[in-house]
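The UniProt record's numbering puts the first residue of the sequence shown at 1, with every later residue one more than the last.
These aren't lab readings, by the way, just hints derived from the structure by calculation.
In silico DSSO-like cross-links for lysine-lysine, where the CA-CA straight-line distance does not exceed 27 Å: (1) K13 / K67; (2) K26 / K13; (3) K19 / K67; (4) K26 / K41; (5) K2 / K26; (6) K2 / K13; (7) K13 / K41; (8) K2 / K50; (9) K67 / K41; (10) K21 / K67; (11) K2 / K53; (12) K53 / K67; (13) K41 / K53; (14) K67 / K2; (15) K26 / K67; (16) K2 / K41.
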Amino acid sequence: MKSEIAAVVSFLKRLVELKNKVEVEKMDLFAERLTVELQEKFEGHWVREKPSKGQAYRCIRVNAFHKYDPELLRACRESGVHYGDLGLPWEMTLWVDPGEVCGSQSINSIHSGQTKLMFIFSLYLKSGPNMTWKCFTCMFWDNITHIYAFFFHKQRVLHTQSRS
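Based on the sequences and whatever the hints tell you, model everything.
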């Protein structure tokens, strides 16, 4: 569970850092608080043998009906970050499951109107009882015309690639 939470928190942290509205110290505290919030929420709702069990409960969702994800909001309050400064997409869903973190978001494009952007995190985990996160790949599909791959290792981008 810790590996998957680390992956989703790292992704959200990088997404927020792109907007450059949150101070580094506050962003680090936000990531720390969000990690704790998610660990507490997922406790008792994590069955490695049945990854889909509890999937909806572990979902992080922001949209017109759920403008504020409760765990994101608590992490903001506890770290002194204004929720609006996160600069999250107006519609985003993240699923945090044993062995996989994936999600989708809608973005507005001046060229094509509303676009659905899909991304998948593939976690590379050690086998055995002490599974730990080593690195993961994040694939983005933008209108199925471009695929962007970001390879992360220890919360740092190592390589970026774009294919048409």
